[in-house]
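**Q** Sequence:
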Amino acid sequence: MNLKLIITILVASALFLAGCSKKSGSSDKIGNRWYTKEQVTKGQELFANNCAVCHGQKAESTPNWRKKLSDGSYPPPPLNGTAHA
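So in my numbering, spot 54 of the sequence shown is number 50, and the numbers just go up one at a time.
No lab work stands behind these hints, which were simulated from the structure alone. It is possible that some hints are incorrect.
Think about it this way: if two alpha-carbon atoms lie no more than 25 Å apart in a straight line, the pair counts; the simulated BS3-like pairs of lysine-lysine are [stated by the list, open to error]: (1) K33 to K54; (2) K54 to K64; (3) K64 to K38; (4) K25 to K63; (5) K38 to K25.
Computed from a predicted model, the values in this text were never measured in an experiment.
Kindly produce the complete structure, drawing on both the sequences and the hints.
**A** The structure is reproduced here in structure tokens:
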């Protein structure tokens, strides 16, 4: 191979690999998610202050959440996508 071809291949490879790296400014993201670590921290605080009293500290629900209460309502369900809410 000639030197120009080798240099072209090396430069093209470097540019391709550079495009695969993390973008600058995305270090505060969690994995490939759209939210930031700061948003998760804020959400944890909001949940602890507003939701955990009924849904449990780990969103596990209350016992017998499928049974109606005496007033016809249901107890707080789990927040894992398996409930009626």
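**Q** Indicate, hint by hint, whether the structure satisfies it.
**A** How the hints compare with the structure:
Under the criterion of a C-alpha separation no larger than 25 Å, the hint pairing K33 with K54 is consistent with the structure, at around 18 Å. For the given pair, K54 sits about 22 Å from K64 by alpha-carbon distance, which is consistent with the 25 Å threshold. Between K64 and K38 the CA atoms are separated by roughly 33 Å; this puts the pair beyond 25 Å, and the hint is violated. Restraint check for K25 and K63: not satisfied, since their Cα atoms lie roughly 40 Å apart, outside the 25 Å limit.
Between K38 and K25, the direct Cα distance comes to roughly 14 Å. Compliance with the 25 Å bound is thereby established for this hinted pair.
Checked against the numbered hints given earlier, the structure breaks hints 3, 4 and satisfies all the rest.
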